[in-house]
Amino acid sequence: QKEVEQDPGPLSVPEGAIVSLNCTYSNSAFQYFMWYRQYSRKGPELLMYTYSSGNKEDGRFTAQVDKSSKYISLFIRDSQPSDSATYLCAMRITDSWGKLQFGAGTQVVVTP
Amino acid sequence: EPEVTQTPSHQVTQMGQEVILRCVPISNHLYFYWYRQILGQKVEFLVSFYNNEISEKSEIFDDQFSVERPDGSNFTLKIRSTKLEDSAMYFCASNTGKLFNEQFFGPGTRLTVL
Chain S
19 QKEVEQDPGP
29 LSVPEGAIVS
39 LNCTYSNSAF
49 QYFMWYRQYS
59 RKGPELLMYT
69 YSSGNKEDGR
79 FTAQVDKSSK
89 YISLFIRDSQ
99 PSDSATYLCA
109 MRITDSWGKL
119 QFGAGTQVVV
129 TP
Chain V
76 EPEVTQTPSH
86 QVTQMGQEVI
96 LRCVPISNHL
106 YFYWYRQILG
116 QKVEFLVSFY
126 NNEISEKSEI
136 FDDQFSVERP
146 DGSNFTLKIR
156 STKLEDSAMY
166 FCASNTGKLF
176 NEQFFGPGTR
186 LTVL
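Chains as they are written, first to last, in the numbering used here: chain S, 19 to 130; chain V, 76 to 189.
Bear in mind the hints are in silico, worked out from the structure with no lab data behind them. Mixed in with the good hints there might be a few duds.
If you want the footprint, here are the derived chain S segments under chain V, 3+ residues with CB under 8 angstroms [claimed, not checked]:
| hint | region |
| --- | --- |
| 1 | 62 to 72 |
| 2 | 117 to 126 |
No more than 25 angstroms apart at the CA atoms, straight line, and that leaves these computed lysine to any residue pairs for SDA-like [said to hold, decoys possible]:
| hint | chain 1 | residue 1 | chain 2 | residue 2 |
| --- | --- | --- | --- | --- |
| 3 | V | K117 | S | G34 |
| 4 | S | K20 | V | K173 |
| 5 | S | K85 | S | P130 |
| 6 | V | K117 | S | P130 |
| 7 | S | K20 | S | S46 |
| 8 | S | K74 | V | K173 |
| 9 | S | K74 | V | P145 |
| 10 | S | K60 | V | R97 |
| 11 | V | K173 | S | S87 |
| 12 | V | K132 | S | D76 |
| 13 | V | K117 | V | N103 |
| 14 | V | K158 | S | S70 |
| 15 | V | K173 | S | E63 |
| 16 | V | K132 | S | S102 |
| 17 | S | K60 | V | V99 |
| 18 | V | K117 | S | S87 |
| 19 | S | K60 | V | E143 |
| 20 | S | K85 | V | K158 |
| 21 | S | K60 | V | D161 |
| 22 | S | K85 | V | K173 |
| 23 | V | K173 | S | S38 |
| 24 | V | K173 | S | Q125 |
| 25 | V | K173 | V | Q116 |
| 26 | V | K158 | V | N126 |
| 27 | S | K20 | V | K117 |
| 28 | V | K153 | V | L174 |
| 29 | V | K173 | S | S102 |
| 30 | S | K20 | V | E143 |
| 31 | V | K132 | S | Y67 |
| 32 | S | K60 | V | E76 |
| 33 | V | K132 | S | I36 |
| 34 | S | K85 | V | R97 |
Just so you know, these numbers come straight off a predicted model, no measurement behind them. Beta carbons: idealized from backbone N, C-alpha and C, even for Gly.
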C-alpha cells in the first residue's frame with residue numbers, strides 16, 4: 019500500500035465551480051499536512067499548511083484534515099482558469115524539518 | 076521576496092558522465108533538501124542536509140549521489156556516473172527549521188541523460 023494516495027485526474031471543471039481534491043494516507047505518524055500547487059515544469063509552491071484535524075481557510079482555499087480517517091481535502095471556491103495546475107498533497111512526521119512525502123498530484127483544468 | 080534559485084535550468088549529459096546541480100537556498104534557512112520528479116511521477120525525497128551533514132537520505136540516494144555546501148550560499152547535488160534513469164527534474168528546497176515552517180522549492184533543474 020502506498021503511503022500517500024492521490025487521484026492523478028485530470029479533473030476538469032467550468033470556471034466558477036468548486037474544485038474538490040483529496041488524499042488518503044496510511045502512516046498514522048504523519049502530523050503535518052500541506053497542499054502545493056505546481057505549474058508545468060516549475061517547482062511546487064505552498065498553498066496551505068495544516069496541523070490538527072479540522073478546517074483551515076485562506077481566501078478561496080479551504081483545507082480539511084481528518085486524522086481519524088487518514089484523509090485530507092482541499093477545496094477551491096470560485097475556480098478561475100489561472101487555477102489550472104497540478105495540486106500535490108504532502109505530509110511529514112516532524113513539525114519543523116524533515117522529508118515531505120508527496121502524493122502523485124491531481125491535474126486540474128478550469129475551463130472558461 | 077526571497078526565493079530558492081537553481082542552476083542550470085536544463086542539463087543534458089551523456090550516460091556515465093558526472094553532473095553537478097547547484098542551488099542557492101534562502102539566506103537564513105538552515106535545512107536543505109533535494110527532491111526529484113521523474114516525468115509523470117510524483118515528487119520523491121532524496122536527501123536532507125543540516126549543519127554540514129546529511130540528516131536523512133532515501134533509498135534512491137546511493138553511492139552515486141553526494142551533496143555539499145561548499146560555501147555559505149551554495150548547496151550542490153553531484154551525480155558521479157549518470158544513468159538513463161537519472162533523467163528527471165531535480166528540486167532543491169530549504170526551510171528555517173522553526174516550528175510549522177514550510178519548505179520553499181526552487182524552480183528545478185531538468186536533467187536529461189542520453
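Consistency of the hints with the structure:
Interface restraint, the region 62 to 72 of chain S with chain V: holds (5 residues with C-beta to C-beta distance below 8 angstroms; minimum three). Judged by the Cβ-Cβ criterion of 8 angstroms, the region 117 to 126 of chain S is covered by chain V as claimed, because 7 of its residues qualify and three suffice. For the suggested pair V:K117 and S:G34, the alpha carbons sit about 28 angstroms apart, so the restraint of at most 25 angstroms is broken. Among the hinted pairs, S:K20 with V:K173 is inconsistent with the structure: their alpha-carbon atoms are about 29 angstroms apart, more than 25 angstroms.
The hinted pair formed by S:K85 and S:P130 fails the criterion: a straight-line CA distance of about 35 angstroms is larger than 25 angstroms. Taken as a hint, the V:K117 and S:P130 pair is broken in the structure, with Cα atoms around 28 angstroms apart against an allowance of 25 angstroms. A C-alpha spacing of about 13 angstroms is found between S:K20 and S:S46, which places the hinted pair at or below 25 angstroms, so the restraint holds. Note on S:K74 and V:K173: the hinted pairing holds, with a Cα-Cα distance of about 21 angstroms set against a maximum of 25 angstroms.
For the given pair, S:K74 sits about 40 angstroms from V:P145 by alpha-carbon distance, which is inconsistent with the 25 angstroms threshold. Our distance criterion of 25 angstroms between C-alpha atoms is met by S:K60 and V:R97, whose separation comes to about 16 angstroms. Distance check on the hinted pair: V:K173 and S:S87 sit about 28 angstroms apart at the alpha-carbon level, beyond 25 angstroms; violated. Proximity of V:K132 to S:D76 is assessed by CA-CA distance (about 33 angstroms); at most 25 angstroms being required, the pair is judged violated.
Pair hint V:K117 plus V:N103 does not hold up; C-alpha atoms about 28 angstroms apart against a cutoff of 25 angstroms. A threshold of 25 angstroms between alpha carbons decides the hint, and for V:K158 with S:S70 the separation of about 42 angstroms lies outside it, so the pair is violated. A distance of roughly 19 angstroms separates the Cα atoms of V:K173 and S:E63; the hinted pair therefore holds under the 25 angstroms criterion. Between V:K132 and S:S102, the direct Cα distance comes to roughly 33 angstroms. Violation of the 25 angstroms bound is thereby established for this hinted pair.
As the CA atoms of S:K60 and V:V99 are separated by approximately 16 angstroms, the hinted pair is consistent with the 25 angstroms bound. Between V:K117 and S:S87 the alpha-carbon distance is near 23 angstroms, which keeps this suggested pair within the 25 angstroms criterion. Only pairs whose Cα atoms come within 25 angstroms are accepted, and S:K60 paired with V:E143 is accepted, the gap being roughly 24 angstroms. Of the pairs offered as hints, the one joining S:K85 and V:K158 is violated, with about 40 angstroms between alpha carbons and a cut-off of 25 angstroms exceeded.
Taken as a hint, the S:K60 and V:D161 pair is honoured in the structure, with Cα atoms around 18 angstroms apart against an allowance of 25 angstroms. For the given pair, S:K85 sits about 23 angstroms from V:K173 by alpha-carbon distance, which is consistent with the 25 angstroms threshold. Restraint check for V:K173 and S:S38: not satisfied, since their Cα atoms lie roughly 31 angstroms apart, outside the 25 angstroms limit. Between V:K173 and S:Q125, the direct Cα distance comes to roughly 31 angstroms. Violation of the 25 angstroms bound is thereby established for this hinted pair.
Of the supplied pair hints, the one linking V:K173 and V:Q116 is violated, its CA atoms being roughly 30 angstroms apart against a limit of 25 angstroms. Taken as a hint, the V:K158 and V:N126 pair is broken in the structure, with Cα atoms around 30 angstroms apart against an allowance of 25 angstroms. The straight-line distance between the Cα atoms of S:K20 and V:K117 is roughly 12 angstroms, inside the 25 angstroms bound, and the hint therefore holds. In summary, the hint linking V:K153 to V:L174 is not supported, as the alpha carbons are separated by about 30 angstroms, beyond the 25 angstroms threshold.
Distance check on the hinted pair: V:K173 and S:S102 sit about 32 angstroms apart at the alpha-carbon level, beyond 25 angstroms; violated. Between S:K20 and V:E143, the direct Cα distance comes to roughly 31 angstroms. Violation of the 25 angstroms bound is thereby established for this hinted pair. Pair hint V:K132 plus S:Y67 holds up; C-alpha atoms about 24 angstroms apart against a cutoff of 25 angstroms. For a cut-off of 25 angstroms, the pair hint linking S:K60 to V:E76 stands: about 17 angstroms separates their Cα positions.
Distance check on the hinted pair: V:K132 and S:I36 sit about 38 angstroms apart at the alpha-carbon level, beyond 25 angstroms; violated. Taking the CA atoms of S:K85 and V:R97, the gap is near 38 angstroms; set against the 25 angstroms cutoff, the hint is violated.
Violated hints for the displayed structure, listed by number in ascending order: 3, 4, 5, 6, 9, 11, 12, 13, 14, 16, 20, 23, 24, 25, 26, 28, 29, 30, 33 and 34.
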